[in-house]
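Could you slot chain A onto chain Z? The hints should help.
What follows is each chain in one-letter form.
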Amino acid sequence: MKYVLKKVITLIITLLCISAITFGAFSVIPGDAAVSKLGVNASPQQVEELREEMGLNDPIPVRYLSWLSGAVRGDFGDSYQYDNTTVASLLADRLPVTALLAAMSFLMILALSLPLGILSARFSGKWPDIGINLATQVVMAIPSFFLGIILTYVFGLVLHWFQPGQFVQPWEDLGACLGYLAFPAAAVALPKIAMVVKFLRGSVLAEMQKDYVRTAYSRGNTKGMVLYRHVLRNAFIPVITFLALVIAEILAGSIIVEQVFSVPGVGRLLITAILNRDYPVVQAVVMYVTALVVVINFLVDLLYQAVDPRIKTSG
Amino acid sequence: MKLLEVKDLTIVFEEGRQRQTVVDHVGFSMDEGEILGVVGESGSGKSMMAHCLMGLYKPHERVAEGSVLFDGQSLLDMPAEARRQVQGNTMSIVFQEPMTSLNPVKKIGPQVEESLYIHRKDVGKQERRELALKALQDVELPNAREVYDSYPHELSGGMRQRVMIASAIVCRPKLLIADEATTALDVTIQAQIIRLLRKLNASTGMSVLFISHNLRVIQEICSRAIVMWQGQIVEEGTVEEIFRRPQEDYTKRLIAAIPTRRKRRGF
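First to last, the protein sequences are chains Z and A. Here the first sequence stands for residues 195 to 509, numbered as in this note's numbering. Here the second sequence stands for residues 1335 to 1601, numbered as in this note's numbering.
Careful: at least some of the hints might be erroneous.
To be verified - Some chain Z residues flagged as far from chain A (calculated, every beta-carbon gap over 10 Å):
(1) D226
(2) E246
(3) G264
(4) N278
(5) I343
(6) V348
(7) Q363
(8) K392
(9) Y411
(10) M419
(11) I431
(12) L439
(13) I450
(14) V501
Unchecked claim - Residues from chain Z shown here face chain A by an in silico Cβ test under 7 Å; the list is partial:
(15) A228
(16) Y406
(17) S412
As the list claims (entries may be wrong) - Covered stretches of chain A, going by a simulated chain Z footprint (3 or more residues, C-beta under 8 Å):
(18) 1418-1427
(19) 1485-1499
In short, the hints are calculated from the structure, not lab data. Treat the numbers as computed from the prediction; the structure is a model and nothing was measured. All C-beta atoms, glycine included, are put in the ideal place defined by N, C-alpha and C.
So here's chain Z without its partners, still in its complex pose:
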């Protein structure tokens, strides 16, 4: 219990710091929400009136505190760029899409990298390992957004497996939506798969050198039995940490890939919001991503304890 409480306090402090930093950054960068809303042809007087109305003329600490008091109550305010639209409703439309995209890429990573990593370690130095090594080397060198462009070209324009730009919302047709998202998800996942494969292979090979492996062989285990009964669970311990980092990168990667594939998710919302100086939306998205990363780290800690009996939570 004490452990959970500690984690919750950490989460709150992290969110406070991040929100203050984002707020600070926004007051430093040039540009004005009122100007971007009214357009460059608006008269200075109109801009001034709107600024007053939006509360942009208040001092920064006052604005921050007023945002904070709303956020604590779960009210992230109204969007600056869209009229009469709350931040909450904007997020509600886009969160499921991004969550789906992230979940799909994470599942792809798990489903492919674990078997490939194990295979590569099992046959280290032999042809399956050499083949996997070559493929991971190539994939790792390609950035996600460029991979997205290649996938769009090959599967969208040449093979016509999906219609680029014709995204279907999940609540309209889930199957079609997943079929479309598979491609951006692959663009995010592929470089990460290559990394996890390499990491897992290294971890398994390092474990194979340990003394307990020699003990296992001395009891009459075959190589396969040594791997599955003894080595894998030990080899997964560092991989779990790595996967937690990968999740944070999936979120960052999907922001860019959503642009490439015109997926109306949180990433696209964030980019248009930054361009329009739509501060409440940016702040809310950043809070959401931060909270997610902290919560995932917390879950990883719990998973750690389940896998490694040497780690016990105390105070």
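Coordinates of chain A only, in the frame set by chain Z:
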């Protein structure tokens, strides 16, 4: 009847063009129920010989010559699958490092039971558990039940070495190889483990090949010993003979290296 007959065993280490003979035409035999000591400094090839008997090879290690007859079977030219049936079943080994020789993420119970699981398919889950508890009691661990459900990191070094012995004897092997099994332990624990091995030898008739660099320890546990130096057997005989009338220079130096009260006065 002889339990183990090793003839002209030669093990080489080959890497690229380099070839080094680590065990050089070693031959000895062991009776059933005997405790045989192997003594020699580190690098004398005694551990490598023991691992070879057990069928554990490191990369680049190869048997170049010789034969090993164990329990009527020729170990070196049997197929890998048949060799595996010997490991942990009729022959087992206890290593030097009790702290790292157990899998850190598995409970003690399943690790002690593993040889049974591999070699005695007819033994059910419940019976396996009972046999493992029995083995844990045989190695004089108090509260075997508690140990059964512990993880290795929850036990001390001496307890872990007892666990290693329990896991080695759970299939009732004919030969137990103790490869520097007491070296990493405190002197008091060392004495306890030696007493335990002698007791197991007396009660079950299990032979023990006891490897150590420490002549004193060898003297404690066995009546007959071989002395290895640079991959060769330089001396063989009863421990008393070796102590009283060492034939070889190396053995003399080995004996002289034992610290005694009398010698200390000379400092």
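Comparing the hints with the structure gives:
no., hint, verdict
1, D226, "holds (57 Å)"
2, E246, "holds (64 Å)"
3, G264, "holds (47 Å)"
4, N278, "holds (57 Å)"
5, I343, "holds (43 Å)"
6, V348, "holds (43 Å)"
7, Q363, "holds (44 Å)"
8, K392, "holds (22 Å)"
9, Y411, "violated (6 Å)"
10, M419, "violated (8 Å)"
11, I431, "violated (8 Å)"
12, L439, "holds (22 Å)"
13, I450, "holds (38 Å)"
14, V501, "violated (7 Å)"
15, A228, "violated (59 Å)"
16, Y406, "holds (4 Å)"
17, S412, "holds (5 Å)"
18, 1418-1427, "holds (count 8)"
19, 1485-1499, "holds (count 3)"
Going through the hint list in order, the structure does not satisfy hints 9, 10, 11, 14, 15.
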